[in-house]
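A.B. asks: This is what each chain is made of:
Number of protein chains: 2
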Amino acid sequence: MSDITMIRAAAQRLKGHARRTPLLSSPFLDEIAGRRVLVKPECLQHTGSFKYRGGRSAVSALDPEVRKTGVLAFSSGNHAQGVALAAREFGVPAVIIMPNDAPALKIANTRALGAEVVLYDRPGGESREEVGETLQAERGLTLVKPYDEPEVIAGQGTCGLEIAEQAAELGVTKADVLVCCGGGGLTSGIALALEAEAPGMRARPVEPEGFDDTARSLLSGRIETNAQGSGGICDAIVTPAPGQITFPIMKRLCGPGLVVSETEALRAMALAWQRLKVVAEPGGAVALAAALFHGHEIEGDTVICTISGGNVDQAMFARALDTLEPA
Amino acid sequence: MSDITMIRAAAQRLKGHARRTPLLSSPFLDEIAGRRVLVKPECLQHTGSFKYRGGRSAVSALDPEVRKTGVLAFSSGNHAQGVALAAREFGVPAVIIMPNDAPALKIANTRALGAEVVLYDRPGGESREEVGETLQAERGLTLVKPYDEPEVIAGQGTCGLEIAEQAAELGVTKADVLVCCGGGGLTSGIALALEAEAPGMRARPVEPEGFDDTARSLLSGRIETNAQGSGGICDAIVTPAPGQITFPIMKRLCGPGLVVSETEALRAMALAWQRLKVVAEPGGAVALAAALFHGHEIEGDTVICTISGGNVDQAMFARALDTLEPA
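Those sequence lines, one after another, are chains A and B. Just so you know, the first sequence maps onto residues 1 to 327 in full-length UniProt numbering. Just so you know, the second sequence maps onto residues 1 to 327 in full-length UniProt numbering.
Simulated from the structure, these hints should not be mistaken for laboratory data. Computed from a predicted model, the values in this text were never measured in an experiment. Careful: at least some of the hints might be erroneous.
[Stated by the list, open to error] Simulated crosslink set (DSBU-like; lysine-lysine; CA at most 35 Å straight-line):
id, chain 1, residue 1, chain 2, residue 2
1, B, 251, A, 174
2, A, 15, B, 68
3, A, 145, A, 15
4, B, 15, B, 251
5, A, 145, A, 174
6, B, 174, A, 174
7, A, 68, B, 174
8, B, 174, B, 251
9, B, 15, B, 68
10, A, 15, B, 251
11, A, 15, A, 251
12, A, 68, A, 174
13, A, 15, A, 68
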């Protein structure tokens, strides 16, 4: 399904739209990690996460006749904002289905990007899929899935193309590339890009404790699920299981998964703030946490890690900063 | 003294060393400002501020025979770190003279970059210039001034070259370019770069209330001083007066200065965190504050502003986040 040709095509379509995020580093982080640490801060991407890449890739790949009736996404978070912005750029409607207990700020942000937000009664047991199917049928909307969709994976893979190129400019051709992993869209996309452009590197998924479905799936060789499908502070990257399309790619290409604690994720957020001057959300900080605090599980002189997003509220951010020594 | 030829030469010397920081934006900030806002986040530069550009430019311009005996800087902040890192990259000694009442963290950070920190007794009235002259004489160190030094101005000007190029890629050729201004090194460097590369743009200095020496100097046409030479939360960009070299450049090229309150700077820090996912220090946020809250003093459909640095402690950052509505 997804392959490097699709990723390169997505990169062409994203040109001039997606930001080419820089590759950051700090000697202070290198010292903590015991090796060189290069950080790809996708929190600086439009809408504050890598999800814009996949959203824009999918929306731009649609036939214009299909696209003009609009797109649909289920999401209470980063994917919704990525799809909403992409749809607005094409001047087509975006309908985002969100639970009615989602944070007011997330609903407001998605609306501010021009999307129509349809709430479903999650606490009351309403099925978002049924709500979505009704909307698709009535209005001819096209569903953009968050990760198990080839054009979404191709869009996320453009992040991997940039990593390969930017690392090569620094003389780095061998490294573990740690990727914050939920359903595996970003991880599988980066893995495909590295296979073609930086075969000395390997992608490795990083997940929070209690939601290590991908790490366990890579160990067992088949899709494993989490006891809980959502929850914890790393909610942005928590999914019930790796995807049907993403998992076979990860199984073929990825190194072993890494698992970090929530406390490690908070501390990585604080260090990203202090040393890199970027804002990470808890789920967006798990790969940096692995780079900094799980060095014994990593190979090579250099480690590369993504910060997948930065959409976090101030109370959670204050918790992260509290992990630092007082100045 | 400083001119576009020097800036272009500095850009060549900085290539592969200084980061090309991206140009960020957010529809949420555009809405607050009432026009398009493009942000150049120099907080993402090495050592967390634009000062690395000038430090690296000056150290790299020295004759190798002169350079090898080492460099000297007076600074308790960003300039010290920029010079320290540049010296370490060339493998030459850096001596930084700091007051003995400087924050322990700043001293530790400068030492961690490989510099030798020499403390002088500021509360006791010791003269840092005398301490510096003694060191220069004894050890043959070369002083790198923080702003009134042509090669430092040239280095800061490379930020202006990038602004001109990155704005042109977005189709922007006319804009006020707001620059966080202390002694005027960054402002005058950017002004020279824009004169050559983007003549439809004009640099404008932004300062905090109570330290608006440059704004008043531009009005009167001669160098004016502040009642206080230091203090306030924007300490990183507070100087007693514009420089002897920087002021004539600013007088010839810059538009009127803007002045913002400390509260506006704190609120701009919070919005940079929330909407751009970058960390600004108070002094580094004054230009964004002007873009967002002083729109009536700005011309054109698009405004460009620098975030000059992000070296801030967590207590001050918490103060900034407290200016946001609760999530």
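A.B. asks: Against each hint, give a clear statement of whether it holds in the structure.
C.D. replies: Structure-based check of all given hints:
no. : hint          : result
1   : B:251 x A:174 : violated, 51 Å
2   : A:15 x B:68   : violated, 44 Å
3   : A:145 x A:15  : holds, 22 Å
4   : B:15 x B:251  : holds, 30 Å
5   : A:145 x A:174 : holds, 32 Å
6   : B:174 x A:174 : violated, 44 Å
7   : A:68 x B:174  : holds, 34 Å
8   : B:174 x B:251 : holds, 20 Å
9   : B:15 x B:68   : holds, 21 Å
10  : A:15 x B:251  : violated, 39 Å
11  : A:15 x A:251  : holds, 30 Å
12  : A:68 x A:174  : violated, 44 Å
13  : A:15 x A:68   : holds, 21 Å
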